[in-house]
Amino acid sequence: MKVMWFHLMPYQDLPVDFKDKHNSVWVDIDPKLYDPVAGHRLYNEYIDELVYADKVGFDGICVNEHHANAYGLMPSPNLIASTLARETKNAAVCVMGNSVALYNPPTRVAEEMAMLDCISGGRLIAGFPVGTPMDTCYAYGQNPSNLRERYYEGIDFVMRAWREEKPFSYNGRFNQQRYVNAWPRPIQKPNPPVWIPGGGSVETWDLCAKNSFVYASLSYFGHQASKVSLAGFWNAMKERKKERNPFQAAFLQFVGVGENRKEAMDLYRESADYFYGRCLHTDPSYANPPGYTTEATVRARVGSQVMQAAEASRRRVRQDTSDIFDAGHVVIGSPDEVADKLRAVCKEMHVGHLMLLLHYGNMSAQLTRYNTDLFAKKVLPQIKDLFENEWEDKWWPTGMPAVTEVRAPMGAAAE
Amino acid sequence: MSSYKETFVSTQLGKVRVWEKGRGKRVGFFAGVGGLPKWTPFLDRLSENYRVIAPALPGFPGGPSSEPLDGPLDWVLAVGDAFDAAGLDGGDLIGASIGGALAMEVAAIWPGSVRKLVLISPFGLFEEAAPVADIFAQPPNRMVDVLSAKPAELGAYYKDPDGANAGDWEVQTLNANIAAAAIIWPLGDTRIAKRLGRIGADTLLVWGDGDKVIPQSYAKRFAAGLGGKSKTQIIKGAGHMAEFDQPNAVAKAVSAFLG
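Chains A and B are the protein sequences, given in the same order. Numbering that gives the first Met the number 0 numbers the first residue of the first sequence as 0 and each following residue consecutively. Numbering that gives the first Met the number 0 numbers the first residue of the second sequence as 0 and each following residue consecutively.
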């Protein structure tokens, strides 16, 4: 199994009465709450944490994209990833954004991701989220009526920009370009592995199943919520008679490791409360612009009691944060307890890529280091072997190509 | 409510449902947010004096899918086709809310096609100092609160009458809202300001006194831009969907104007 260290990069100084005095952590959050001097400290602290994860043996480090959002300070994940590409040597650099529908032309995404692949030496994982409604339709004003079509076209555009061997013209519904010619080119051929974050849309399951992309269930509500999304994905795979390779799936889980469960609860309670209480204080008015949820997904939800139950459970958690640990939104305990739990849920959901949030909310650098160290030393060795002997991970970065011949120096052309 | 006639006419985009009732002068109706999932008391009142003809617009209940429409040109042609196919050329036209934005396009682009124009709180302009509300950014299932002075009644109007086809009704509402978003996202400014001067038809502007979506001050802005004569009538006890909230008063005002 590949185990990855994911950072959301939350702002840590939201006031205690944030929920009462402010409408939402997203879209209309008061700009006055942001202190750039604190921002300086946080960015550097957070980048250090990702670099450290590489040093202590995590297989990958992950960043993502949010806009006008106080729990995700990476409007441009590529900026952070470029630093990581330089400062790390081994870990896959997993960029769980770019929301390709937001970039016009999408050439920019093809170029920047190719740059990251070159700088990192073929360690890029290219994530293409459609983006949340808050990020895309509200913070970036995209029209929800065609967001998904624009997104699919954007992915197609970028894939062609990486794969075509000559400059080409693109005559799409939303993008018309006479010359598409992405320079530089990615190291990984024909393209870096593509991962798609999903949250239970029927279309995303089909997109991944059809194109052999990794389906990554990114829920803040742990394996209970991901179970539903991943079951939907595996069902879509089955319908297409595709191989059930666990490495075509990923899922996100908050984790807090302590010497024992009691210590872990004491240590991580505050950070978890900060995240679930303040960071997830979003205005539901921004959650469902027309078209973001499609007809197919609406019909699936109307017809599926499992999906309705999952949604009801998510809604409950937003109201009441007392059962964050019991409900498994954050998996906590001793190293052995955490390892057992993670092995069990990864097996159950058949997932070969585990994305971990070992930092959340207002967790201090010191506690983050403690959580990371304990996980790396005592949990990682217990779960790494899962699926590795039975399945090949075809969605992991290839790194630099093996050198098979020495190129003749420039100017010494063959006669 | 007595019965109305339902027919389907062909357009390039697809089949268009047309509802019709009454005798006399032809009066077209382009509905607003949500379209016409059911016949309404307003159309009933109006049909006492006129031949009321309501073609379903793309994406709205009874209309062809709006999915293929990419931009304003596609929209205007599709709406123009529905207008023609419903036999409205040369008649009077009422457009409410989003339907008002589209009615203005028809009147501006085919100036001879509309005799008299009625606009009920139309979308189309945006002023930063007095912004149009974001009708989509409302608490779940509470869009009705911003649309109407009688939100409970409007909520009931949008619902599946016998509860047997809740999924289909949900999808119908979703598609209507997708079409609305295609036209007015994100600000409601359709750039009609550039074309208002082409509208030579006499125009009645109708506004609910409790419109929470488009400030009443917009009536003056529309009036100032229109190429023809216009007058404005404010309806008491009405929100954005004045024709839903006060069907009798709006029908009376419209009848007085159309003659």
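Just so you know, the hints here were simulated from the structure itself, not pulled from any lab data. Using N, Cα and C, we set each Cβ at its ideal position, and we do this for glycine too. Fair warning: there could be bad hints in the mix.
What the hints assert, rightly or not - Selected chain B positions facing chain A (in silico; Cβ < 7 angstroms):
| # | residue |
| --- | --- |
| 1 | Ala136 |
| 2 | Gln137 |
| 3 | Pro138 |
| 4 | Asp161 |
| 5 | Gly162 |
| 6 | Ala163 |
| 7 | Gly166 |
| 8 | Trp168 |
| 9 | Val170 |
| 10 | Ile177 |
As the list claims (entries may be wrong) - Beta-carbon label-pair distances, calculated as ranges:
| # | chain 1 | residue 1 | chain 2 | residue 2 | range |
| --- | --- | --- | --- | --- | --- |
| 11 | A | Asn234 | B | Gln11 | 55 to 65 angstroms |
| 12 | A | Arg177 | B | Asn164 | 44 to 54 angstroms |
| 13 | B | Gly89 | A | Ser75 | 38 to 48 angstroms |
| 14 | A | Ala364 | B | Asn164 | 41 to 51 angstroms |
| 15 | A | Asn234 | B | Ile108 | 16 to 26 angstroms |
| 16 | B | Lys228 | A | Ala37 | 33 to 43 angstroms |
| 17 | B | Gln11 | A | Asn180 | 56 to 66 angstroms |
As the list claims (entries may be wrong) - Just so you have them, the derived chain B footprint on chain A, three or more residues with Cβ under 8 angstroms:
| # | segment |
| --- | --- |
| 18 | 63 to 73 |
| 19 | 139 to 149 |
Tested hints:
no., hint, in the structure
1, Ala136, "4 angstroms, holds"
2, Gln137, "5 angstroms, holds"
3, Pro138, "5 angstroms, holds"
4, Asp161, "16 angstroms, violated"
5, Gly162, "13 angstroms, violated"
6, Ala163, "13 angstroms, violated"
7, Gly166, "4 angstroms, holds"
8, Trp168, "10 angstroms, violated"
9, Val170, "5 angstroms, holds"
10, Ile177, "4 angstroms, holds"
11, A:Asn234 x B:Gln11: 55 to 65 angstroms, "38 angstroms, violated"
12, A:Arg177 x B:Asn164: 44 to 54 angstroms, "48 angstroms, holds"
13, B:Gly89 x A:Ser75: 38 to 48 angstroms, "55 angstroms, violated"
14, A:Ala364 x B:Asn164: 41 to 51 angstroms, "56 angstroms, violated"
15, A:Asn234 x B:Ile108: 16 to 26 angstroms, "48 angstroms, violated"
16, B:Lys228 x A:Ala37: 33 to 43 angstroms, "60 angstroms, violated"
17, B:Gln11 x A:Asn180: 56 to 66 angstroms, "37 angstroms, violated"
18, 63 to 73, "violated (count 0)"
19, 139 to 149, "holds (count 5)"
Of the numbered hints given earlier, the model fails hints 4, 5, 6, 8, 11, 13, 14, 15, 16, 17 and 18; all others are met.
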